[in-house]
Amino acid sequence: MAAVPLGILSALPKVAKADTASLIDVLNYALTLEHLEYRYYQMGIESGVIEGADRNIFLKIRDHELAHVNFLTEVIGNVLMGTPVEEPEFDFTAGGNFSPFTDYPTFLALSQAFEDTGVRAYKGQAGNVMESDVVLTAALSIHSVEARHASMVRRLRTKKGQDTVKGWITNGSIGSLPAATQAIYAGEENVMQGGVDVTSLTGIDAAAVSEGWDEPLSKDQVLGIASLFLA
Amino acid sequence: MKNELIKPKGLVTNTNRRNFLKFGTMSVAGAGLLLMGCNDDEDMMPPMMNEGVSLGSGDIGILNYAYALEQLEAAFYANVIAGGYFANANAEEKTIMGDLEKHERAHRDFFKAALGGAAIADLEVDFSSIDFSSRTSVLGAAKTFEDLGVAAYNGAGQFIENVDYLLIAGKIVSVEARHAAAIRDLINPGSDDFAGDDLIDSNGLERTLGFTDVLTAASTYIKTPIDFSQLPS
Chain P
1369 MAAVPLGILS ALPKVAKADT ASLIDVLNYA LTLEHLEYRY YQMGIESGVI
1419 EGADRNIFLK IRDHELAHVN FLTEVIGNVL MGTPVEEPEF DFTAGGNFSP
1469 FTDYPTFLAL SQAFEDTGVR AYKGQAGNVM ESDVVLTAAL SIHSVEARHA
1519 SMVRRLRTKK GQDTVKGWIT NGSIGSLPAA TQAIYAGEEN VMQGGVDVTS
1569 LTGIDAAAVS EGWDEPLSKD QVLGIASLFL A
Chain R
776 MKNELIKPKG LVTNTNRRNF LKFGTMSVAG AGLLLMGCND DEDMMPPMMN
826 EGVSLGSGDI GILNYAYALE QLEAAFYANV IAGGYFANAN AEEKTIMGDL
876 EKHERAHRDF FKAALGGAAI ADLEVDFSSI DFSSRTSVLG AAKTFEDLGV
926 AAYNGAGQFI ENVDYLLIAG KIVSVEARHA AAIRDLINPG SDDFAGDDLI
976 DSNGLERTLG FTDVLTAAST YIKTPIDFSQ LPS
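Residue numbers (the numbering used here), protein chains in the order written: chain P, 1369 to 1599; chain R, 776 to 1008.
Rather than coming from a laboratory, the hints here were simulated on the basis of the structure.
Computed from a predicted structure; not experimentally measured.
C-beta: ideal position from N, C-alpha, C; glycine also.
Some hints could be false.
If you want the footprint, here are the derived chain R segments under chain P, 3+ residues with CB under 8 Å [as the list claims (entries may be wrong)]: (1) 921-930; (2) 958-972; (3) 979-988.
In silico DSS-like links for lysine-lysine, alpha-carbon gap of 27 Å or less [as the list claims (entries may be wrong)]: (4) R:998 / R:887; (5) P:1527 / R:946; (6) P:1527 / R:918; (7) R:946 / R:869; (8) R:946 / P:1534; (9) P:1587 / R:946; (10) R:918 / P:1534; (11) R:946 / R:887; (12) R:918 / P:1528; (13) R:946 / R:918; (14) R:869 / P:1527; (15) R:869 / P:1528; (16) R:887 / R:918; (17) R:918 / R:998; (18) R:869 / P:1534; (19) R:869 / R:918.
Negatives, chain R to chain P, calculated, CB over 12 Å [stated by the list, open to error]: (20) 829; (21) 900; (22) 902; (23) 996.
With these hints in hand, go ahead and build the complete structure from the sequences.
This is the structure in structure tokens:
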């Protein structure tokens, strides 16, 4: 297991008990999502569905998701002294609707869906962990890794002619993803930031402005999406 | 238990800069911090030092820090799309560079408006070390700026007091990370550099950088002296 940075161990005692319970709750939610991502990539790698030239990409993503699982488990259990959630049982066919481990385009499509969901999920919790500098910083440092994954997978799908999406999310578009992914992109079309319409402020088109700011999702919204893949 | 989505209440209620500044002043004062250079004069000038800028303190200081980095990125991509590399780039790279120019310009103009009278002046940039006709030079610099931006936002998050500002920073940093991954993939296609071990540690955590490291790295490209001594620590 990867070592937890010393800074976390020394900084956390400053957090009050009530806050600790709240942090454990948020981190267990994050851990649930990381379990989902790790298991998805591990099964994808074992299934042989991934094209040879792309294997290094998904090995790297799998390694990061596993590192996130181990890191969060360690912080929840041995730093915050809580109980890390067990890995749930997943059904990546979503009740027989998808075949990600025999059909590579489907594998890539769900990968994009999970990564873009992960970015929105972490963003939605930033305010809930801000009382702890170290937990916030760790969450931000996972959040940007998920965004890098998302960008890569999105562009890979387009390079293969499976979609026309870019590394960033244009409006609230799901591109060629299954309609079931609508909730993952709902709200990404937002151009109001800080109460200001950035299109009128800058004269830049709404599509580009929507790309320039990623939007958060609440825990309930994310768990609603993830529940499609729970056995 | 605070598990609900943090709803951005809006930093301002309209685009009137004077109102924006008032809100910023109130929220900063409420956090017990001093808004540098702020007084009752509604036409006040941006905080300035001799031939340099001072970012100020508290959340305003951090917003000015972000604004400085977005100024740098926006100026860089403005040069990119006017240069020889872009003119001869393939369709994919033209789309990417065109998008990045718009995103960074939108970020820059957003922060300028958000800061209103507390915004630092326009920074003078120095891109003499970049050859805008060279793909290698442009992509290398883009990688530096995007990776630096991600590390800067990730490092600054913990110092932000206002949850609405934190969320806005979060909305922007993931887009910078998307940019960084794309640029890295253009440089080394199909590799795992998009999220390389040079940035991401064995816990799967991306690099964070503090104010000094970021501004030192940026100083290669910025002529204007930046005083960040009042930023939180």
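Hints, verified against the model:
1. 921-930: holds (count 4)
2. 958-972: It holds: at least three residues are needed, and the stretch 958-972 of chain R offers 6 whose Cβ sits within less than 8 Å of chain P.
3. 979-988: holds (count 5)
4. R:998 / R:887: It holds: about 19 Å lies between the C-alpha atoms, which stays within 27 Å.
5. P:1527 / R:946: 26 Å, holds
6. P:1527 / R:918: Holds, at about 21 Å.
7. R:946 / R:869: 24 Å, holds
8. R:946 / P:1534: 17 Å, holds
9. P:1587 / R:946: 17 Å, holds
10. R:918 / P:1534: With a Cα-Cα distance of about 18 Å, the restraint between residue 918 (chain R) and residue 1534 (chain P) holds, given a limit of 27 Å.
11. R:946 / R:887: Answer holds: residue 946 (chain R) to residue 887 (chain R) is near 17 Å, not above 27 Å.
12. R:918 / P:1528: Distance of about 24 Å is within 27 Å: holds.
13. R:946 / R:918: 20 Å, holds
14. R:869 / P:1527: 15 Å, holds
15. R:869 / P:1528: 19 Å, holds
16. R:887 / R:918: 24 Å, holds
17. R:918 / R:998: 21 Å, holds
18. R:869 / P:1534: Within the cut-off at roughly 12 Å; holds.
19. R:869 / R:918: 16 Å, holds
20. 829: At roughly 23 Å from the nearest Cβ of chain P, residue 829 (chain R) sits farther out than 12 Å, so the non-interface label holds.
21. 900: 19 Å, holds
22. 902: 22 Å, holds
23. 996: 21 Å, holds
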